[in-house]
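Participant: With the hints as a guide, bring the two chains together.
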Amino acid sequence: MIADQATRERLLTALDETFFVEAGAGTGKTTTIVGRIRNLVACGRVTMERLAAITFTEAAAAELRDRVREELERAATDPTRPAEEQARCLQAVEEIDLAAIQTVHSFAGGLLRSYPLEAGLPPSFAMLDEIERAVQFEDRWREWFWSAGLRAPARELLRRAFLLGLTQEHLRQLAEALEQQYDLLRPDTTWPAPATEPAGPIAQALGRHLAELTAWTAYARDGTDDPLAQSVLRAQPLADRLSTAADDEAALVALQDLLALRPGNSSIPRWGKLPDGRSACTAVKKTLKQAQDEARRVVDGHRSSVFAAVLVLLRAFTLASAAARRAEGVATFHDLLTWARDLLRDHVDVRRRAQVRYQALFVDEFQDTDPLQAEIAFYLAADPVAALPADWRDIPLVPGKLFVVGDPKQSIYRFRRADIAVYDGLLRRLQHAQQQLVQNFRSVRPVIDWVNHHFQAHMVAQESVQPPYVPLAASGSRSRTARAAACTAWAACSTRPRRTWPRSRRIASPSSPGGWPAATGR
Amino acid sequence: MALAEHGCANLRPMVLRQVAARVAWGTAQTALSGVLEAAAIRAALQPAGDGVFDHVAHQPALHDALGALFRELRHEAEPAVVLDAITARGRVGQATVAAFRRYLALTCDYYDVPALAQLAAEAATRSRRWANELGALVLYLPPRLDAAEIALLGRLGEQVPIRAAFAAFGEPQADRLQEEKAAALAAALSVGTITAASVSPLPPVQLTLLSAPDPSEEVRNMVRRLATDVESGVGLWRIAVLYGQEEPYGLLVREALDAAELPWQGAVGRPVATGWAARSLLALLSLHERRFAREAVLDWLAGRPPRDGVDAPDPLGALPLSAWDRCSRQAQVLEGPRQWIERLERLAAGLERGSARLAPEGAARQTAEAGVARAIAQAITRLETDTRPPRDGAAWEQFVAWAQELRARYLPHDDQWPVWEAAASRELDAALASLQTAAELEPTTTLHVFRSALAAAVAARRLPQGRPGAGIVVGPVGAVLGAPFDRVYVLGLAEGLYPSRPPMDPLAATDDARDPLGRRERQREGERRALLGALAAADGGHATVSYPRSDGAARAMYPSRWFLELAGECAGRPVYGSDLPKLFLESPPWLVRIASTQDGVARLSTPADLADRRLASVVAWHRSGRDLAQHPLAQRAELPLGRALAAARARRSHAFTPYDGNLRELAGVSRSLTRPIDGGATSATAVERWATCPFQYLLVNVLRVEATQRPQDEWTINPLQRGILIHEILDRFFRELQAAGRLGPDDHFTAADHARLDALAREAFAELEATGRTGHPLAWENVRTTILADLHTLLEKDEEWRRAEQLQPARFEQPFGFEHDPISWPPATVPLADGRTISFRGAIDRVDFSPPGVVPRRALVIDYKSGGAYGYADLRQDPLLGGRHVQLALYGRALRLGLGAAADDLEVRAEYRFVSAKGEFVRLGVTVDAALEERLGQVVEVAADGVSNGIFLAEPGPRDRNSFQNCRYCDYDRVCATTRDELWERKHAEAGR
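Protein sequence lines, in the order shown, are assigned to chains A and B.
Counting from 1 along the first sequence, just add 16 to a position and that's the residue number in the working numbering.
Counting from 1 along the second sequence, just add 391 to a position and that's the residue number in the working numbering.
A couple of the hints might just be wrong.
[Said to hold, decoys possible] Here are the computed lysine-lysine pairs in the DSS-like style, where the Cα-Cα straight-line distance is at most 25 Å:
no., chain 1, residue 1, chain 2, residue 2
1, B, K1309, B, K1188
2, A, K301, A, K289
3, A, K289, A, K302
4, B, K1309, A, K301
5, A, K302, B, K1309
6, B, K1309, A, K45
[Said to hold, decoys possible] Some, not all, of what chain A presents toward chain B, calculated at C-beta under 7 Å:
no., residue
7, R61
8, E74
9, A76
10, E86
11, D113
12, S130
13, L133
14, R158
15, L174
16, R175
17, D273
18, G345
These aren't lab readings, by the way, just hints derived from the structure by calculation.
Cβ atoms here follow ideal geometry from the backbone N, Cα and C, with glycine treated the same way.
With the rest of the complex left out, here is chain B (with noise of 0.2 Å):
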């Protein structure tokens, strides 16, 4: 202010390079921009041929690390000497000083930071036309002087008045460096002496230190804190929040504050990299890379931005991200737009051929899901088209227009969005747009190199977050220096996290591991100013300081000794990480140690938001001993805690509690729980999964809950469609012998008969193998092979047992129950004791007769299974095995009703039929007589009952190996209670069970 003598002072706040950009204006040169950097650098490295760089010449971190120390050696005063420091280092050294030369000679037309204020120098050395407009340059706080800068300073100095200030803390490890420049600048501008004003001591006024027990906890005080400070009337604009660190800290005290509803702003810039616009076009460009996997769709769909504000349709429709989830693992998509295409075509054919014997309803969305399918495949064909990259080798204006075009179609820009994103995705343009300047130095490029230039420019754009004035300021240490605040809080003051360790230069530091271009000690001095800064800066209001004792994933941390150092500056004596736990116990007012979660809960005196609130309020109901039940939250049927408490006991309890699956209440009054078995027609399945364990039915039958597997998981086929192709087979095999009036009781089976089930079995493997279900290609050449060596032996074994039997197949795949299929027999209707009836459905692989005449009339149920007998040994005991196995019954009886008066004195027999090696060809059967059927009423009953009573209990069933029986091949074994063979053990009685 002394400047302006009179009046006020027209002050415009610029950064140096402004100033010299300014004196400069008019230089034919043009700037070396980020992107031109790049290019350049990629081309210094193309010639090189030298073996240092070749393996890892197209790496990105290379290219950085060159950058960041071209950067470094452009700001030096004596290249040369460090040049030559470089160079003895060996092949390395000397390959990175070849490379910054071939750099500076495809630079030379452009201009950067030193050469600017080389520029400038000259150009103020020339003219006088900006001391006019400059009038006086007050130089604050300058963070680093080059000797260009340096040189500039001197040459504006003899014209207009220059003011600088340094900021000096009176110890030589935090000041030696900027002495040094003072002293350079001064020598410059011809001054004498360097005015000392004040240096700011340490402690401030008011220090506390905090120790926490992880970062998420120590930032969750410092919220709470904060919280107490504005309730007691600090200006927000009055606080800093800094860390040492951006992970872990820059996100979490963000989010802890959006959380508190405390506006902030950033100090530092948010990457336009990390907006919707940016991280959704990066991963569209990559989709081709990665072959179309159905990860990489997926991913790149969640991450889509929506496009409420936009007026054109969405070329890939409005399909939700579930669907396309849904049916891709449906339709068993891997990768690939052709493989995306093609099994969705089929699912949704599929989905249309099966809704024919459906109900309408079923129909219907059955015949809408083919719908999304082909949708989603329409969709595919779509992006596959336009995301197809030009070749490597064209031109940047070729990949540039091509993603600008991506941009549009498929991203396209929402004023909608929130604002930051929406500045985000404008700078995203004015990236891709700048990419094209690459082109001066690299006339063409590949898709690899494109990315990765647009992903560097779009994290090197940063834009501000939050309004400056308007909120609590964010940032890393360093931010805030000069700057004057009433509350400043420093996080992360751990060891090894601050002070950071200083990192070895790989191409430049020398054989003693000293970097002869000083920025180990620049690091070092610039990290102790900024927490010194960060300190002056709360000079008369209140720092506090505090370090985390974990990382927040078990590992320890301690307390950096720059901690420890503020320790002994508050203690008044020297302490050490050895100290601390006795500093603890004697609790000095500046010193706070956070135990716990809890901990920090009860000591809080503001909460930082809601949640801390409802906290707090609970940990002190708690400690005062009351039941937390009975707290006013517990209370709130919206909030989870009263029925977490109630899970908690019920579990605990030995009574059969609705957390256990006693859903007794909802039984009377839910159709969607007793639908299932007694809502029309129910399959045999159905009471032998409650049978078996109730629990699984209700997650299977009553919610719907599917076990959803990932294609890439299966490696082979499943049991199930194992066996779904062998029916296959074997009903189109037997329907064509049928067919041509074969089939009797002594009918033999020829080589031509074993050919041409050979021949069905290809058919069907190739239709199976079309839809991506027969998991690895090697794994299937075996399985086919063992399934064709099983249908053969079938065959002969099966024209062994019909001699035997004398009995001749005639109906294969008889479905009942099905009222729209035309040839469905009726239900299979089980009358129970107390007058109800549960009707079922299903398909029977097969029936045999005696031929026509014979007497007794008999009749053969066969079940094929195509895998091992484990689990059917008991049948000889109880046919049912206690319900667990109904199906021979169940088809016995449809098999009566579906003949109505033609079976009265039809003799009946089920069995089911192991169609493998596997299941050694047995055969293990019952008479469905009366005594059978009254049993299976007696079964359906209890089922019935249990159902319709909700009572759904886990029942694990004995021990097998490290799991239980029933869960052994359980898809739901993991959503199950651990405990549940304890549970089961308490509450079956009452369970009744």
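The shape of chain A in the complex, shown without the other chains (with noise of 0.2 Å):
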């Protein structure tokens, strides 16, 4: 008997329900998939045309092309169904090119090649693949770093930035770090940057400190020969230009050499004491470390501050190189689900047409989806009477339009934008359509305890960050060998440390270059 016998039959028939199908490896979600599409084409629920299901891969959704036809083919030869339903089947086999079985960013281009003129593109645009995209990019680059980088108000800023230490190559990395995720830039997107201190007046006091220290280096025993007061020593043209700073800027490039300062070292017996008793080993390098420290505090300070105003200057260069992509006609795969979420969410009257053109939407392997997938496909399935939510996340679905599969644990694409916390979330939301296909078919007993045991204990259920581990339920025997197989792997994998599981991405943070401080977006 198969453990979720009455979840699977109701996967299969109740075509006006909504599902969120929870399905592990190997508990027949493919098959599930293509069933209930050969049901609802039997009984005229939907034709070929008005069919999407969403794949992760283009393999994968060759093979559930394969899959369904082969299905489509068999009831429509099958004499226990009425001839009408087999009628539809065998019209569906003929047609079936014309469902959208595909990738979502296959999907999400064939939307914008209906739509394309409501979507800014011209009708006929052009893939960029990745190599192509990045030699657009860098082109792109180059010219706002070399002519629009250099016009006000990039021009001050950049100086700015370039003299804290920023490169060339820190600003490319964040340009594209923010190309990447420029589908959560909005024209007024800002980051926060914490209020700055006049680098002066602090340079000026270190650099007194500084100087002070010149008389110490004298409680050294081998004098000059001291690693430390060597440093001491070297540091006195930097105190001076600490104390002399005329303005901000030099202040702050003297208070980075200081930062760049590596004290030589001594010890406590190789110098005296001063006279108030304590080592002047220990001062001499208390005061250095303090200096360092506070010239850390103020030049982070500052750079927080250029940091976040850099990322404001790139944040229209990214959107400026989307529109002119968009301009050109020519797109990356990002563009592509960026561009059709926009679509169907700014354009009533194209959202009601591709409503009305999908009838039934399956989204495979969910636990990687892009967050703009979900996103394409809740419009998709929305009720064409409510009017949107602020939140696409609220949008009341249509009942029996959207049945999505997924496996949070095999959530492995974080790198390609999969966002656990989206699947955490919607899981969440819609939790009445919840459903779990827990039999495995491909794994023997000992192999499901295995995995049970040690992902359970690993994958424990934490809000927008992992969701509840659900467990496989095996079939067949379970054998004397499996089970001590089972029981020294056990053993050996039981003391290993607890490790956490997929993350949910950050929004609109892209990395800061080392030793800058990180922005987070609001």
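Facilitator: In structure tokens:
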């Protein structure tokens, strides 16, 4: 007896219900999708051109299309089915090319090709592969850096950023990071910047402290041969520059030089004591460290402030680049998703037509979904009568239109923008639609037991980070050898440290360059 | 033939449009050419202002889409119905229909294909003049008949016999639309019944289904099979190679057949746009738009066709592309004609100045290079003038004249070009001339439109490739309907490729995604008919149908449903994708799975080409368990196999081999190997480089491999240039003070001195800025500030140090070892223990002496360092750092030799003086005494021995972050073995390192 037989039957026959199916590896999720499509077609609720099934890879799409065709062909000749059902299935076989069984990028591209003018695109736009995208990004970036970067307001800001240690490569990497997530940017997106304090007075004070240390080098028993004393003496030109820093920028440059100072090593016995009884060695080290800490605090403040402003500059560059691509009629893979989302969200007319066109939506591998994919699916499955809420996750769905399958245990594509928090959030909102396929048909019981034991221990539910673990059910007998193997594996692995599983991505927070503070978008 | 009752029939093959043109001969209207159609579409979009097309009105893609739609609409029997359906689509549909109506109004004085048919039908009604001429008409496999054409045929049928043959395949999804057309024609001709001759059944007599790893392998296997066909006596003209998608198969097939030296002919022509002349002219026309960016100019030059048969001199001179690349990079050219010219002139002047202190051979080389730079500057001047386009808004004829002038001057037609290229070149001229007609509908134009129109015109013109009947027929699947072949190969029956996914027309599709013009249905039926027609073409022969399992870029592909359907026909039962693995295992005779490239080679009976033959031989040898190194091909010196095997084995071994940098065998015979170190005066850097990493020495000093960087990538001044700049400023400053009798040990730098240093620095900055070597202006602003601050700090330090040392600067930038420089000291010679002497040359930044009369007499050799002191930390322990820093010792020796007897009682010290905040103004020095000189001799001897023994093993040094210490800043990091540390570990002992 299959452990989840009732669930499977419901998924195949309850065609008016929306489902959010959590299906582990080997539980027959593709079979379920194919069976539901067959039933939708057979009972005349959907034709091929009104069907969309989104897969994660092109290989999966091709395989699913083949499976659907096979299933429909079998149904078309199934003598137990009524003639009209057979006829519908036969018709569907002939029209299978009209079904949108494809990756999300192909699907989004299809949407944009259907409504290009509404999306601000020419009727046929070109796709940029990853290499072409990178080349075009480099060209645009260079153009911006060498021309717009020299004009106000960028000019003064970039000069200050360079002064504070940001390099062209840092800027380029930041711009690229923003481009990869520009769907989250708005023309008014900003990043918080801390208030900065004038660097001049602090530099002058630190310069005086450094200068005062010269007198303490007399306590070094090896005199100027002592590495720490040498450091103090070598730092005196810097002390002068700090003390005499004419303006904020000169002060910041000197403070950064202070940060770069690497005091030589020495030890307490190699130095005498100060008149107040303190170890001169310890006092020198402490003063140097305090000076560097203070310099770091001030420099970091200025860097944070400049960094936030630079991000705003790059935001404009990023959005302008996307707009230019749109005007030129070329699209990156990320553009496809972003523009399709924008098209459905911002054009009521298009959204309504697309909702009419796609009567059944299937989304596979939902745990690895790009958040934009979920948003697109929700717009298409939205109740056409209801107004769009501010948050797309609150969209009321047409019952039975959306069928989502995923397995948080297999969320592995964070580097491709997969966001387990989106999965988790939607799972919570659509709890009424949640179903689980747990019966595994692929592996023997010891393997299933081992997997359940370890993953249950590590995959602990945490909101927006980790959905709860759903154990798999094994089928078949449990041999002694297999049981022994599983026990050995448990023993070997149970002492390993616990680790955190897929985490939610940060929102529009490109990594800051080394030594620079992080910035979070708002 | 039944029409020719006696004797021979006078048969003239024509397309129906040509018949219509003949019948309608003498009409007052002129034809609507592609140029006019495009002009009409652009004009139809102009006054729109409806907000639908405005943002993309300039896009050729919109013009193409509208053109395709308008042509379809013109073929419609009842366009009003379709237009209503499009209008119902909303704003886009309404705007499209409005544009169509404007287009109709603009083109009403011209005839297109449907209008021609109508004109011909009217003419046929009015006159019988043409009837006697035609005699009879056979309509053979018409791909499509619109209402106007059927009407024309109806008129013609009233006066001449007409026989029409339609292809039928016996299945509704392939025949439905054709049957409808046949019925409509029959009605027009008042024919009661349509005679069914025969249908072509599936599959043909012999069918092979093939699965290959990727399209390349699929094509390669096809050519191998085809070569077997040819060997077995099948005529080339009896073979067809067909594909569903031009991309990637078109090019792959043509290249594979060319490699196999098998003649072929294209079933469809090749666009003139792909020819040398068209591509080069379009690139030339865009130079101004691309602002003469260095890449744009070099790209254009690289694609410029040869002019071997042209008598007129090349206006750009005969400079090779490499010279353009080298000089423009050296001159730091980014973009803009002015920058090209100024920087190249500056480069030339610099080269000429620098040649003065060089030996005659080097001076001549530099002078020649200066000449090349000037010639390029002149060429750019000419090119800039010639490519300056007419202003936007000028007349079409002005743009055409401009482009024709450029064409004649820079890309003249050359009859020595290959036949197709020469024909395409003539077609380019025709296309250019045809653009003038656009003025009939568009009086003026812009550069952007002109270029787009020319690109479209050359893309639309196609020229046949190959000679009909003289080779294998190559083309898309639908290209051979009705032609008989003995062998047919159909490639690319993969899911999504063939049948292709039907597109949705964004301008005309209705809300339910239906195309009111029925194009999706036509496409589906057309593709099906094309496949069935291709298989039918092999009726009685053999057809091979294949698909790739990946796209060649690691993306899996699956057999299309038609491939599976054919498999089902062969298997006698339905076959699904999931059945294929099992079928492959069963290996029925009609199914072949090429598992891999090696499998393909192992299976071949006839190699496709010479490389294939060699590969097959090597694979067979390897499979038989024999040593590949013993294969005859591995023994042949002119082939790389033997060397590749030897290299792989050598690198795996523990021996220090030639493939690891052991050039011992060459050491005794090759002067270029040892010249850098013992062939006249060498530099301290050469010794230091060998001591650091002998492989880098081999690349730089022996092979002279230069690390190149594109000027646009240099965002900030590079460390070398920064060092030169600082040296230059200090040299000028100290020389001035010396000339003024200053710089005594207790001399004080005044505010005026600091101001003068500022002024000199700004002069030097300006000079460097003009060369374009300062990077991004904003980064440069900061660098300038930092350099100025460092220089002023240095002045203060210098004063302090001078006073403490009681020394006074006496010599600046003192050269040694430059025999052609009058102020040069003799070379710094280092005698080795074995009697050899190594000579060095260089320039000492500065030498300070104790004042006259002070005893002991002292001298301090100073070498400025503008970077950090990283890497010099151990100098106190080892003054030569194992040979990695021999500069100070060598300069000290140069001083002694330069002063001669005057140096006898001189105490000499030498120091690196770090002149930046980054280097913390540190001084690191050594005493140049007999012990140091002895140590120098030892170090130089080791390096000289290493070089003369041909030891060039890469030495990465200790690990450093993600790299190695010696590789972190090495320009050659990427060309070095990734396993360099392992190689070093295994082999350094034998290399003697």
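Participant: For the restraint on E86(A), tell me whether the closest CB of chain B is nearer than 7 Å.
Facilitator: holds, 4 Å
Participant: Grab the minimum C-beta distance from R158(A) to chain B and call the hint holds if it beats 7 Å, violated otherwise.
Facilitator: holds, 6 Å
Participant: Does K301(A) pair with K289(A) here, judged by a C-alpha cut-off of 25 Å?
Facilitator: holds, 13 Å
Participant: Min Cβ distance, S130(A) to chain B: is it shorter than 7 Å?
Facilitator: holds, 5 Å
Participant: Holds or violated: is the Cβ of L174(A) closer than 7 Å to a Cβ in chain B?
Facilitator: Given a least distance of 5 Å, the restraint on L174(A) holds.
Participant: Can you confirm whether the C-alpha distance between K1309(B) and K301(A) stays at or below 25 Å?
Facilitator: Given that 25 Å is the threshold and the Cα spacing comes to 21 Å, the pair holds.
Participant: Is the interface hint satisfied for R61(A)? The criterion is a beta-carbon contact with chain B at less than 7 Å.
Facilitator: The hint is violated - R61(A) has no Cβ within 7 Å of chain B, the shortest such distance being about 15 Å.
Participant: Run the distance test for K1309(B) versus K1188(B): straight-line Cα separation, threshold 25 Å.
Facilitator: holds, 15 Å
Participant: Does R175(A) hold up as a contact with chain B if the rule is Cβ-Cβ below 7 Å?
Facilitator: Constraint on R175(A) satisfied, holds at 4 Å.
Participant: Hold the hint about L133(A) up to the distance rule: shortest CB distance to chain B must be less than 7 Å.
Facilitator: holds, 5 Å
Participant: For the restraint on D113(A), tell me whether the closest CB of chain B is nearer than 7 Å.
Facilitator: Cβ of D113(A) sits 6 Å from chain B, so the hint holds.
Participant: Does K45(A) lie within 25 Å of K1309(B) when you go C-alpha to C-alpha?
Facilitator: violated, 62 Å
In this structure, the earlier hints numbered 6, 7, 9 are contradicted, and the remaining ones agree with it.
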